[in-house]
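Peer 1: Spelled out, the chains give:
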Amino acid sequence: MSTGFESLAIIIVLATALSFVARKTKQPTVIAYIAAGLILGPVGLSLIGQTELTQLFSELGLVFLLFFIGLEINISEIQEVLKPTAIIGIFQMALTALLGFATGTILGFTTVESFFIGAATMFSSTALVVKLLTDMDEASTLPGRLDVGVLLVQDIVVVLLLALLTANFSDPATAVIRFLEIMAMIALIGGISIASSNYLLPRLFKRISQKPSIFFIYGLAWAFILISGADYLGLSLEIGAFFGGLSLAQLPYSSELQERVRPLTDLFMAVFFINFALQILPGQLSAYFFEALIASVVLIAGKFGIFFGLIDRMKFTPETSFKASLNMTQISEFSIILGALAVREGIIGDQMLGFISLVAITTMGVSSYLLNFNHAIYSRFDHLVNRFDAEEKEDVDVEQLEGHALIIGYNMVTERVLDLLEQQYEDVVVVDRNSENAEKLSRSPYEYIYGDFKHGEIRNASGIKNAAFILSIVRDMKVNHHILRDRERETPVFLEAGSFEQAAELYDRGAEYVMMENIVTADKVADYLELYVEDPEVFREEIQDDLETIHWGGRSG
Amino acid sequence: MAEIITSMTLIFVASALMLLISNRFDQPAVPAYLTAGILISLFVNQSELLGLAQIGIAFLVFIFGLKFDPEKITAVKTESLAVNSLQIVLVGTLSFGFATLIGLEPLQGLYFTLAATFSSSLVGLELISEEVDKNLIHGRLAESIHLIQDLLAVAIVVFLSSQTFTFNHVATNLGIAASMIVSALFIRKYLMDWISELAEGSTELLMLTGLSFLTGFIAISQYFGLSIVVGSFAAGIAVARFPHNLDILDTMGSIKDFFAAIFFVTLGVLLSFPSTEAMIMTAGLILITSLVKPALMVVSLIQQGYDPRTSFLTATSLDQISEFALIIAIQAWIAGTISEPLFHAIILAATVTMTTSSYTKLYEHQLYEALNKYNIIRSGNQVMPDSNIQNGIKNHIILIGFDIQGKRIVEQLDEIGAEFLIIENDPEKISDLRKQGENYVYGNILNSETWKHAKPEKANLIISTAPFPEVSNTILNLDTDAGKILRAEELWEAENFIERGADYVIVPEILSAELIKEHLLGLRSEENYEEELRRRSLLEVRRYLESEEG
Numbered sequence: 014m015s016t017g018f019e020s021l022a023i024i025i026v027l028a029t030a031l032s033f034v035a036r037k038t039k040q041p042t043v044i045a046y047i048a049a050g051l052i053l054g055p056v057g058l059s060l061i062g063q064t065e066l067t068q069l070f071s072e073l074g075l076v077f078l079l080f081f082i083g084l085e086i087n088i089s090e091i092q093e094v095l096k097p098t099a100i101i102g103i104f105q106m107a108l109t110a111l112l113g114f115a116t117g118t119i120l121g122f123t124t125v126e127s128f129f130i131g132a133a134t135m136f137s138s139t140a141l142v143v144k145l146l147t148d149m150d151e152a153s154t155l156p157g158r159l160d161v162g163v164l165l166v167q168d169i170v171v172v173l174l175l176a177l178l179t180a181n182f183s184d185p186a187t188a189v190i191r192f193l194e195i196m197a198m199i200a201l202i203g204g205i206s207i208a209s210s211n212y213l214l215p216r217l218f219k220r221i222s223q224k225p226s227i228f229f230i231y232g233l234a235w236a237f238i239l240i241s242g243a244d245y246l247g248l249s250l251e252i253g254a255f256f257g258g259l260s261l262a263q264l265p266y267s268s269e270l271q272e273r274v275r276p277l278t279d280l281f282m283a284v285f286f287i288n289f290a291l292q293i294l295p296g297q298l299s300a301y302f303f304e305a306l307i308a309s310v311v312l313i314a315g316k317f318g319i320f321f322g323l324i325d326r327m328k329f330t331p332e333t334s335f336k337a338s339l340n341m342t343q344i345s346e347f348s349i350i351l352g353a354l355a356v357r358e359g360i361i362g363d364q365m366l367g368f369i370s371l372v373a374i375t376t377m378g379v380s381s382y383l384l385n386f387n388h389a390i391y392s393r394f395d396h397l398v399n400r401f402d403a404e405e406k407e408d409v410d411v412e413q414l415e416g417h418a419l420i421i422g423y424n425m426v427t428e429r430v431l432d433l434l435e436q437q438y439e440d441v442v443v444v445d446r447n448s449e450n451a452e453k454l455s456r457s458p459y460e461y462i463y464g465d466f467k468h469g470e471i472r473n474a475s476g477i478k479n480a481a482f483i484l485s486i487v488r489d490m491k492v493n494h495h496i497l498r499d500r501e502r503e504t505p506v507f508l509e510a511g512s513f514e515q516a517a518e519l520y521d522r523g524a525e526y527v528m529m530e531n532i533v534t535a536d537k538v539a540d541y542l543e544l545y546v547e548d549p550e551v552f553r554e555e556i557q558d559d560l561e562t563i564h565w566g567g568r569s570g
Numbered sequence: 037m038a039e040i041i042t043s044m045t046l047i048f049v050a051s052a053l054m055l056l057i058s059n060r061f062d063q064p065a066v067p068a069y070l071t072a073g074i075l076i077s078l079f080v081n082q083s084e085l086l087g088l089a090q091i092g093i094a095f096l097v098f099i100f101g102l103k104f105d106p107e108k109i110t111a112v113k114t115e116s117l118a119v120n121s122l123q124i125v126l127v128g129t130l131s132f133g134f135a136t137l138i139g140l141e142p143l144q145g146l147y148f149t150l151a152a153t154f155s156s157s158l159v160g161l162e163l164i165s166e167e168v169d170k171n172l173i174h175g176r177l178a179e180s181i182h183l184i185q186d187l188l189a190v191a192i193v194v195f196l197s198s199q200t201f202t203f204n205h206v207a208t209n210l211g212i213a214a215s216m217i218v219s220a221l222f223i224r225k226y227l228m229d230w231i232s233e234l235a236e237g238s239t240e241l242l243m244l245t246g247l248s249f250l251t252g253f254i255a256i257s258q259y260f261g262l263s264i265v266v267g268s269f270a271a272g273i274a275v276a277r278f279p280h281n282l283d284i285l286d287t288m289g290s291i292k293d294f295f296a297a298i299f300f301v302t303l304g305v306l307l308s309f310p311s312t313e314a315m316i317m318t319a320g321l322i323l324i325t326s327l328v329k330p331a332l333m334v335v336s337l338i339q340q341g342y343d344p345r346t347s348f349l350t351a352t353s354l355d356q357i358s359e360f361a362l363i364i365a366i367q368a369w370i371a372g373t374i375s376e377p378l379f380h381a382i383i384l385a386a387t388v389t390m391t392t393s394s395y396t397k398l399y400e401h402q403l404y405e406a407l408n409k410y411n412i413i414r415s416g417n418q419v420m421p422d423s424n425i426q427n428g429i430k431n432h433i434i435l436i437g438f439d440i441q442g443k444r445i446v447e448q449l450d451e452i453g454a455e456f457l458i459i460e461n462d463p464e465k466i467s468d469l470r471k472q473g474e475n476y477v478y479g480n481i482l483n484s485e486t487w488k489h490a491k492p493e494k495a496n497l498i499i500s501t502a503p504f505p506e507v508s509n510t511i512l513n514l515d516t517d518a519g520k521i522l523r524a525e526e527l528w529e530a531e532n533f534i535e536r537g538a539d540y541v542i543v544p545e546i547l548s549a550e551l552i553k554e555h556l557l558g559l560r561s562e563e564n565y566e567e568e569l570r571r572r573s574l575l576e577v578r579r580y581l582e583s584e585e586g
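In the order they appear, the protein sequences are chains A and B.
With the working numbering, letter number 483 in the first sequence gets 496, and the count goes up by one each step, no holes.
With the working numbering, letter number 186 in the second sequence gets 222, and the count goes up by one each step, no holes.
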């Protein structure tokens with residue numbers, strides 16, 4: 014392990030330093046990871062090779078990524094985009110494969126090689142797109158969901174392709190049988206995951222969703238069960254992880270789990286990209302350097318066009334089509350995996366792998382940049398894009414909340430205040446992460462969001478920028494900071510603090526009112542003390558109301 | 037890859053199953069993992085897990101270093117320092133004696149002693165987290181005792197890293213470790229703010245920073261031949277700059293959970309069926325840890341002037357074996373310096389004592405009553421209860437606790453010129469009261485002895501703002517006509533108190549709700565209500581803060 018840690022240290026320190034640089038230059042961290050690998054590997058200083066640890070982490074990276082993706086897919090949420098994404102996904106792959114094939118032939122590659130190029134380049138990078146979207150908190154926007162949906166369809170095809178490549182080609186009959194077997198296995202594991210999602214998991218998880226770390230282990234255990242299951246059935250581990258996440262995604266607590274899985278996924282994926290770059294040999298890159306650059310440009314433009322055309326045909330607004338397409342212009346890391354497999358099977362040569370790797374790096378780099386700036390780029394071109402607009406085009410989108418009262422955390426205090434809030438503000442949104450309140454709140458007339466307010470997605474969904482009043486009984490200072498940062502200045506904010514120092518800090522940051530149990534208690538006692546000592550009769554009268562509340566509140570509560 | 041996946045599946049599924057049980061019975065998680073490991077030991081390959089387990093150690097100690105607050109050291113009471121030293125010396129000598137008696141060599145005896153002497157902050161602090169939050173004395177005491185012990189544990193790990201125990205070697209190692217920690221403190225003080233600014237709040241960058249320091253410091257410690265524990269600890273300290281440490285804690289926390297689970301399960305896996313030798317050692321460890329150690333602690337705390345109940349409650353969170361012992365054990369095992377029976381004994385004893393300690397915590401009040409009944413715990417040379425009350429006091433108001441709420445109420449009492457006395461069991465607050473010349477009783481509220489001094493039968497009113505049902509119950513059971521104002525956290529509790537004779541019960545959540553409603557209406561009806569509200573409330577908080585300092 015001793016050499017392991019030293020190389021790991023160098024890799025991570027360099028990756029970190031480059032990530033900081035990337036951030037300053039507005040690049041996504043993925044580029045930094047790839048750069049780190051390139052610098053340290055054979056292409057650059059040749060300091061470090063792949064180690065067992067980096068290999069393991071790297072493979073875990075894809076597994077966790079698919080698990081993470083599965084967790085994102087709340088079926089009810091994507092139902093509205095399910096049909097269009099399936100259609101877009103399939104047609105896009107066909108068209109891009111054609112484009113790849115054509116490009117390959119024009120650039121002078123053999124038919125087999127061009128065919129391979131077509132197959133390898135028709136996918137977009139799940140790792141990159143999902144990571145960047147979640148970083149920007151845009152995974153649940155409409156373009157985001159379209160992209161994730163298409164990526165999923167692609168991932169299924171990738172799995173099939175992977176299986177096909179390892180199948181026995183000599184006998185077409187066996188190949189077909191094997192293919193059907195795989196489909197059956199996928200159906201089986203899919204079935205298990207959906208079934209357990211409806212019956213087994215809710216019961217299992219309800220009790221322990223209170224303790225985050227235990228909940229996390231449960232999620233991992235379930236994921237690994239399905240991963241092993243997939244392995245046993247001869248499918249790829251990633252498919253198992255995906256279905257594991259998918260079955261958990263239907264539970265309301267999945268966003269919590271996602272947040273717990275995310276750092277782990279980030280870590281493994283970072284090593285994945287670094288590892289990927291570490292294994293690239295300089296010869297591979299230089300062999301078809303110019304061809305690769307040309308192919309990259311063609312693919313980026315071509316993919317954008319294909320996506321835009323298809324999404325536009327599905328009657329989404331031009332803005333959605335533009336952004337969703339802009340995000341998908343790269344080719345996937347799977348192209349490299351497919352390439353490696355193809356080399357092993359003797360279908361293509363080493364230098365082809367280098368070609369594909371270079372195209373991957375280039376398109377990933379450029380597209381990350383495009384993705385990061387998708388809003389700005391859109392504004393630049395919106396007059397052009399809007400030429401595509403038409404009457405019947407509309408986005409299926411979530412209701413936008415405005416002028417509502419936003420409550421964070423549900424307890425006795427907020428419960429008692431809800432009535433008055435509804436009177437004053439009409440719409441009330443309650444964000445709460447305690448699973449015990451889930452049933453009650455879903456049946457209430459208020460808009461209910463299950464989740465932790467610390468998470469960007471939840472904050473976006475709560476419409477905090479458009480709220481007219483915010484009340485939070487969550488004492489977590491991080492949550493309070495988020496609230497004070499995200500809200501509009503005119504919106505009054507009532508918070509709760511656990512100590513006087515915290516309360517003072519919150520006031521300094523602009524809170525209008527901070528509740529503190531101890532202040533409230535002491536003040537009340539001080540109030541009644543004088544009365545009690547000087548005029549006991551009046552004291553008894555005064556407290557009648559409070560005693561009534563206790564009596565009746567105790568009965569009904 | 038496939039084999040690791042199978043191992044991981046087994047690890048997590050077994051852990052999930054065991055956690056189901058442990059959660060059901062409110063047990064800590066660590067024994068569950070250890071047991072899970074025992075269950076799957078036949079099915080997994082140990083060697084491939086060791087690497088991942090080491091990573092688990094790294095993250096565990098890293099998070100420990102991250103949570104570590106150097107300022108807490110300076111705030112440590114001299115009492116806890118004294119108690120700790122005494123206990124370590126006594127328990128240490130006893131365990132080392134026992135070890136030698138059963139035939140262990142000095143180095144093995146040292147390992148045995150370490151296991152018996154140090155308590156687990158991982159489990160222990162979790163047991164008392166609520167008490168610490170509520171600022172109870174025994175919570176704070178236990179916390180500071182854990183802190184000192186953990187620091188010592190790290191120092192001992194450094195000591196044990198030495199290949200040979202020559203003075204030179206050990207001194208060099210300690211020197212290197214010390215310089216690593218000093219540089220970590222330096223980074224924490226001067227560099228972290230700058231780095232966090234550069235990160236612009238990106239959790240990913242902060243996580244990477246944490247990881248860089250972690251792997252970096254570990255690499256450095258490995259280069260010098262020190263254990264990874266030192267590097268991890270130093271790394272944790274380096275990045276623990278508030279408030280950024282919270283972000284890092286969030287992200288690295290999940291990663292730690294993942295690897296720590298693997299670590300503890302691996303320990304269980306390494307356990308095989310214990311030999312007779314191992315069983316003897318296990319028994320010895322358990323006895324010393326669950327009986328002798330807490331007993332000695334209670335005695336020394338009483339010596340220091342704390343009342344028996346507080347002393348006992350402190351001890352019940354310290355009666356288990358530390359995870360540092362486990363870390364030291366596994367590193368020794370990998371290096372081949374610990375005997376196998378002893379290694380197994382430590383793991384087994386840790387599993388048992390971590391479980392039993394949560395039971396002693398759960399039933400601590402009942403246990404104390406039982407011990408008290410049979411006069412096993414003697415008050416001996418205690419300082420309490422003590423009092424300083426005006427002669428012939430009557431028709432007075434009895435106030436429980438001189439905390440911030442207490443101070444506010446005292447202000448009011450002074451204003452209306454009432455006679456009052458305060459019951460308090462924190463020595464610091466008592467010395468404040470003494471200086472201010474107030475009437476007080478120094479004792480534990482739950483003890484009847486204390487009440488004898490307070491003369492409730494002559495009192496006019498008893499006020500308690502403490503959110504503890506035990507306190508309210510004690511007050512309600514007093515033989516007195518005095519009025520009673522209590523506090524409850526739940527409505528049904530409040531109603532129960534009123535039925536049993538309380539005149540008024542404060543339920544803070546209801547009060548808060550009423551206030552909010554008032555302010556809500558104000559927001560609607562008046563212009564600039566927000567600014568007024570903010571100004572007023574801020575002033576009030578500042579006043580409270582000043583009264584606390586003054």
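Incorrect hints may appear among the rest.
[Stated by the list, open to error] Distance condition first, Cα-Cα at most 16 Å in a straight line; then the derived EDC-like pairs of lysine to aspartate or glutamate: (1) K443(B) with D395(A); (2) K467(A) with E376(B); (3) K537(A) with D286(B); (4) K467(A) with D286(B); (5) K553(B) with E501(A); (6) K443(B) with D559(A); (7) K553(B) with D432(A); (8) K491(A) with E162(B); (9) K37(A) with E162(B); (10) K537(A) with E455(B); (11) K491(A) with E447(B); (12) K537(A) with E576(B); (13) K224(A) with D62(B); (14) K467(A) with E240(B); (15) K224(A) with E84(B); (16) K553(B) with E435(A); (17) K37(A) with E233(B); (18) K224(A) with D286(B); (19) K103(B) with E240(B); (20) K537(A) with D539(B); (21) K537(A) with E550(B); (22) K478(A) with E449(A); (23) K553(B) with D559(A); (24) K488(B) with D515(B); (25) K494(B) with E455(B); (26) K37(A) with E240(B).
If you are wondering where the hints come from, they were derived from the structure by calculation, not from laboratory data.
Peer 1: State for each hint whether it applies.
Peer 2: Taking the hints in turn, this is what the structure says about them:
Distance check on the hinted pair: K443(B) and D395(A) sit about 64 Å apart at the alpha-carbon level, beyond 16 Å; violated. At most 16 Å may separate the alpha-carbon atoms for a hinted pair to count; K467(A) and E376(B) exceed this at roughly 47 Å. Under the criterion of a C-alpha separation no larger than 16 Å, the hint pairing K537(A) with D286(B) is inconsistent with the structure, at around 37 Å. About 10 Å separates the Cα atoms of K467(A) and D286(B), which keeps this hinted pair within 16 Å; it holds.
Between the alpha carbons of K553(B) and E501(A) the distance comes to roughly 22 Å, so the proposed pair goes past 16 Å and is violated. With a C-alpha separation of about 24 Å, the suggested pairing of K443(B) with D559(A) is violated against the 16 Å cut-off. Proposed proximity of K553(B) and D432(A) is supported: the alpha carbons are some 10 Å apart, at most 16 Å. Pair hint K491(A) plus E162(B) does not hold up; C-alpha atoms about 21 Å apart against a cutoff of 16 Å.
The suggested pairing of K37(A) with E162(B) is violated, with an alpha-carbon distance near 40 Å, which exceeds 16 Å. With a CA separation close to 20 Å, the supplied pair K537(A) and E455(B) exceeds the 16 Å bound. At most 16 Å may separate the alpha-carbon atoms for a hinted pair to count; K491(A) and E447(B) exceed this at roughly 34 Å. Taking the CA atoms of K537(A) and E576(B), the gap is near 14 Å; set against the 16 Å cutoff, the hint holds.
For the given pair, K224(A) sits about 11 Å from D62(B) by alpha-carbon distance, which is consistent with the 16 Å threshold. Restraint check for K467(A) and E240(B): the C-alpha separation of about 15 Å stays at or below 16 Å, so the hint holds. Taking the CA atoms of K224(A) and E84(B), the gap is about 30 Å. The hint is violated against a cut of 16 Å. For the hint linking K553(B) to E435(A), the alpha-carbon distance of about 12 Å falls within 16 Å, and the restraint holds.
Distance restraint check for K37(A) and E233(B): the Cα-Cα separation of roughly 11 Å lies within the 16 Å cut-off, and the hinted pair is therefore satisfied. In summary, the hint linking K224(A) to D286(B) is supported, as the alpha carbons are separated by about 14 Å, within the 16 Å threshold. The straight-line distance between the Cα atoms of K103(B) and E240(B) is roughly 20 Å, outside the 16 Å bound, and the hint therefore fails. Pair hint K537(A) plus D539(B) holds up; C-alpha atoms about 14 Å apart against a cutoff of 16 Å.
A threshold of 16 Å between alpha carbons decides the hint, and for K537(A) with E550(B) the separation of about 12 Å falls inside it, so the pair holds. This hinted pair does not check out: K478(A) and E449(A) have alpha carbons roughly 28 Å apart, beyond 16 Å. Between K553(B) and D559(A) the alpha-carbon distance is near 15 Å, which keeps this suggested pair within the 16 Å criterion. Annotation: proposed proximity of K488(B) to D515(B) holds, straight-line Cα distance about 11 Å (limit 16 Å).
Taking the CA atoms of K494(B) and E455(B), the gap is near 12 Å; set against the 16 Å cutoff, the hint holds. Using a Cα cut-off of 16 Å, the hinted pair K37(A) and E240(B) holds, with the two alpha carbons roughly 14 Å apart.
Of the numbered hints stated above, those contradicted by the structure are hints 1, 2, 3, 5, 6, 8, 9, 10, 11, 15, 19, 22, listed in ascending order.
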